[in-house]
Each structure stands twice: as structure tokens, then as C-alpha cells.
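Since the structure of chain A is already known, use the hints to place chain B on it.
Heads up: the protein sequence lines correspond to chains A and B, in order.
Numbering follows the working numbering, in which position 26 of the first sequence is assigned residue number 26; successive positions increment by one, without gaps.
Numbering follows the working numbering, in which position 10 of the second sequence is assigned residue number 56; successive positions increment by one, without gaps.
Quick caveat, the hints were computed from the structure, so don't treat them as lab data.
In this text the structure is predicted, and so the values were computed from the model without any measurement.
The reader is advised that the hints may include incorrect statements.
A few chain B residues that face chain A, going by a derived Cβ cut-off under 8 Å, partial list only [said to hold, decoys possible]:
#1 Leu57
#2 Val61
#3 Ser62
#4 Ala63
#5 Pro65
#6 Ile66
#7 Pro116
#8 Thr125
#9 Ile128
#10 Lys133
#11 Trp146
#12 Gly147
#13 Glu153
#14 Leu217
#15 Gln224
As a list, the in silico SDA-like pairs of lysine to any residue whose alpha-carbon atoms are at most 25 Å apart [what the hints assert, rightly or not]:
#16 A:Lys7 to B:Ala107
#17 A:Lys7 to B:Arg106
#18 A:Lys7 to B:Leu235
#19 A:Lys7 to B:Thr119
Backbone N, C-alpha and C define an ideal beta-carbon position, used for all residues, glycine too.
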Amino acid sequence: MDIGRPKRIIEIEPVSLPLPGEAAPAEPTPAYQPDAEPEPAAPDRR
Amino acid sequence: MSRPASTLGNLDVHVSAEPIVAWRAWALTGHHDGTGLLLRPVAKRARTWRPREVVEASCRASRWHEAPEPDCTCGLHGTHGIEVLRKTRCPAVLGRVALWGRVIEHEHGYRARFAYPQRLRLLCQFCFWKSGARRPPPEHVGWFPHGELIPLCGEHLQIAERHGVSPRWLLPAADVEQRLRDTYAVDALAV
Chain A
1 MDIGRPKRII EIEPVSLPLP GEAAPAEPTP AYQPDAEPEP AAPDRR
Chain B
47 MSRPASTLGN LDVHVSAEPI VAWRAWALTG HHDGTGLLLR PVAKRARTWR PREVVEASCR
107 ASRWHEAPEP DCTCGLHGTH GIEVLRKTRC PAVLGRVALW GRVIEHEHGY RARFAYPQRL
167 RLLCQFCFWK SGARRPPPEH VGWFPHGELI PLCGEHLQIA ERHGVSPRWL LPAADVEQRL
227 RDTYAVDALA V
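The shape of chain B in the complex, shown without the other chains:
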């Protein structure tokens, strides 16, 4: 990266022409027939990412600054690596995301003004928590009340059902993933 063009607070400001591509995880919502798929930040109450529209950050803590602000936690998050994402709550989709506009680089990731996904794949969240992303893709997607879609491998679907957590509808994960990629016009993520 070039020499800093200026400073803001105690941070150097660099200028670049190329978007940054980072890792990110999302929750997934949709209808029980697998239509109406929407990526949703794993943080509750955050806005969905609308297909084929640039996502722009805003700060819920303060209306008086533009996101991302160096002294806040606002902005659209991405990470340098996958491991950090294993700590997120209920990840259903793993992907690569393009970030641009003002981007604040942190030790383990970024906060950005604008974003759009580049590559996506479904995740069994229990396999991801336990073993990381290098596991076979989930075979099923369970539809739960409030439109929450949870991809599951066969083993974890059985465990969920044994504990009385049964999805209202069950969809083939390959079909949901293809529809998700078509909806957002993105490529498959090979991990």
C-alpha cells in the first residue's frame, strides 16, 4: 500500500482504487418453498442485504456521524480470515464480500461504508462451530418460524429432531444455494 495521504484521528488514511475482498457470514431468511431468499446480518435487528443493490452502512448508535466512524463499531464488517467467523451467532451462509468507500482496517478485519457479496455457500452452523468451513456442504435447509432458514448436515438434522427441534419444512440445500447465488448474481464459494 502507498504512503498515507493524510491522517484522521490517530489513523493514517490511504487511497485506493480497488475494492477490498474479505470474509463474512450471514443469516438467511426466506419463504417455506425456498423463494424470497435474503441475506441478513447475524446481528439481530440489522437490515437485510437486498439482492443486486449496493449495501450502505449507517450507524444505529448515532445519527451524527457517517459509518464507519473510527471511534465507533458501526459499518459493514468483513474479516481477514474464516476462523474469526466461527464465533458468530447462527451463521447460515459463508462468503467473500467486496468492501469500498471508507474502509477502516482492523487487526482481524474491516468496517466499510459500502459492500456487496461476491461468492457464497451454505454452512451447517454446527459443523462450522465444531470443525471450521472445510466440511462437506449441508444437505438440507430447515425452514423455521419467522422465515429463518438453517442449513444442516444429515447428522445435525437428526440430532436437532431428537431434541424436538424440527423444521416446519425441509428443502434440498443444493437447490437453495443455487437460488441464493442466482438471486444475488454471485458465484459459488469453493471452500
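This is chain A alone, in the form it adopts within the complex:
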């Protein structure tokens, strides 16, 4: 396979293994519930 003449050199920093299917799972975030009732306050036991 002929890829022709060299044109330039690119120095690219070492990267971690780019595995497209293995992205780290994101932390689950609670669903946004604009109309949700506020959590009841804990009873004052004093």
C-alpha cells in the first residue's frame, strides 16, 4: 500500500487506551422532579 511521500511529523501525547465501548460509568444522578413534595422534616425528639 502506497501512502505517498511524508509531509510532516505530529507528536501526540501518550493517551490511555481509547476503548470506545468501555467508558467509565457515570455516577447516577437523581431524576429532576420539579413538582415533588419536599421531604418531611424528621420529628423533633427533644
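For chain B alone, coordinates are given in the frame of chain A:
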């Protein structure tokens, strides 16, 4: 791209933080039941690309320089476009490959120090040679002696068998392709 940071020989040297993504074709080997799949450079005697490991180039012509060397042909190759790959010998898999480390850009492609595939699909090599990559995917994968796996469309499987070239085993291409992507943890190539 930014202004060159320096020069090496008569080539400008640029610095980048992002891997280059290029086109590449591979041969494919494996067991007759479709397990043990390995991408293999189309050049004979070249080392297989081990799944989930960065591939590092070395030069077979000289132990005295690191690949890729500007005045050599060593390094892990990728191309700017698909058409150049239609001239390769026995391509079984077409894909996108990430290249990094020292990368030498050529008129039609690259030679790199490090590489790993990003997206893969199987090819009927006869359809690819004849008409390019925009053909329906192959339906079969033939297993031949020495573990060579050759994806074939129905038409070219029939032609091969008429000429006495019959695979020892025949596997469904969709299953082999899915297993290949799982093995290398990569995505499907939509071409």
C-alpha cells in the same frame, strides 16, 4: 494545526493532544467455531493486534531506530480515505483506527508509533476490490486452513465453491462481527 514546534530531517514537527483517527484494513484469524478472533495486518508475518492492548510499532528492517522513522516505511499504517485500501491484499475487516505517539503524515495516510481500532466491520474482499465499501455486508465467514477467516457475500461464496475453493467451516457473518467488536471493545462501523 499550529505552527511547527521544530523540524526533524526536512519535516516540520507539530505537537497535538488528540489522537488521529484514520482508515485501516486487516486480515482476520480465529478458530473454526468463531472464537479466538484476532486482527492481523494484511502484510504477511506481521504481528497480530491483541485485543484491549495498545499496539506499538517496531521496525523489522532495523533495530537501531524507533518506529516510525521518517526515512523508513515502518510504523502502524492508516489512510486518509478508503479507496487506497482497495489495493490491499486480502482485506477482511475495515475500520477506523486511533493513532498517536509519533505520527508521520504522508500524502495519503499516516505511520504511527501507537494504535488501537475504534470501529470495525467485516468486508467481502471481492466486493471491496470491485465496488468499494458501500456494498451490503457479507453474509458468511469462511474458515480456511491456518485459521484464516474470509468474509464473503452469497454471490462470491458461490463463485469460490464453483472454483473448488470451499471453506472448511462456514459461520454467520453477523455473529462473527459482533464477537469481533466485543473482543476489541469497539463500535460498529457504519459505511
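Going through the hints against the structure:
Checking Leu57 (chain B) against chain A: minimum C-beta separation of about 5 Å stays under 8 Å; hint holds. Taking 8 Å as the C-beta cut-off, the interface hint given for Val61 (chain B) holds, the closest approach to chain A being about 5 Å. Checking Ser62 (chain B) against chain A by beta carbon gives a least distance of about 5 Å; that is within 8 Å, so the hint holds. With a least beta-carbon distance of about 5 Å to chain A, the hint placing Ala63 (chain B) at the interface is held under the 8 Å criterion.
Restraint check, Pro65 (chain B) versus chain A: the minimum CB separation of about 6 Å is within 8 Å; hint holds. Here the hint on Ile66 (chain B) is kept, as its CB sits about 7 Å from the closest CB of chain A, short of 8 Å. Restraint check, Pro116 (chain B) versus chain A: the minimum CB separation of about 6 Å is within 8 Å; hint holds. The closest approach between the C-beta of Thr125 (chain B) and any C-beta of chain A is roughly 6 Å, which is under the 8 Å cut-off, so the hint is satisfied.
The closest approach between the C-beta of Ile128 (chain B) and any C-beta of chain A is roughly 12 Å, which is over the 8 Å cut-off, so the hint fails. Proximity of Lys133 (chain B) to chain A holds as hinted, the smallest CB-CB distance being about 6 Å (cut-off 8 Å). Given the 8 Å rule on beta carbons, the hint for Trp146 (chain B) holds: about 4 Å separates it from the nearest Cβ of chain A. Contact between Gly147 (chain B) and chain A, as hinted, is supported at the beta carbon level, the nearest pair being about 6 Å apart and thus within 8 Å.
At a threshold of 8 Å, the smallest CB-CB gap from Glu153 (chain B) to chain A is about 3 Å, leaving the interface hint in force. At its closest, the beta carbon of Leu217 (chain B) sits 22 Å from a beta carbon of chain A; the interface hint therefore is violated under the 8 Å criterion. Using the Cβ-Cβ criterion of 8 Å, the hint placing Gln224 (chain B) at the interface with chain A is not satisfied: the shortest such distance is roughly 12 Å. The straight-line distance between the Cα atoms of Lys7 (chain A) and Ala107 (chain B) is roughly 22 Å, inside the 25 Å bound, and the hint therefore holds.
A distance of roughly 23 Å separates the Cα atoms of Lys7 (chain A) and Arg106 (chain B); the hinted pair therefore holds under the 25 Å criterion. Only pairs whose Cα atoms come within 25 Å are accepted, and Lys7 (chain A) paired with Leu235 (chain B) is rejected, the gap being roughly 28 Å. Taking the CA atoms of Lys7 (chain A) and Thr119 (chain B), the gap is near 14 Å; set against the 25 Å cutoff, the hint holds.
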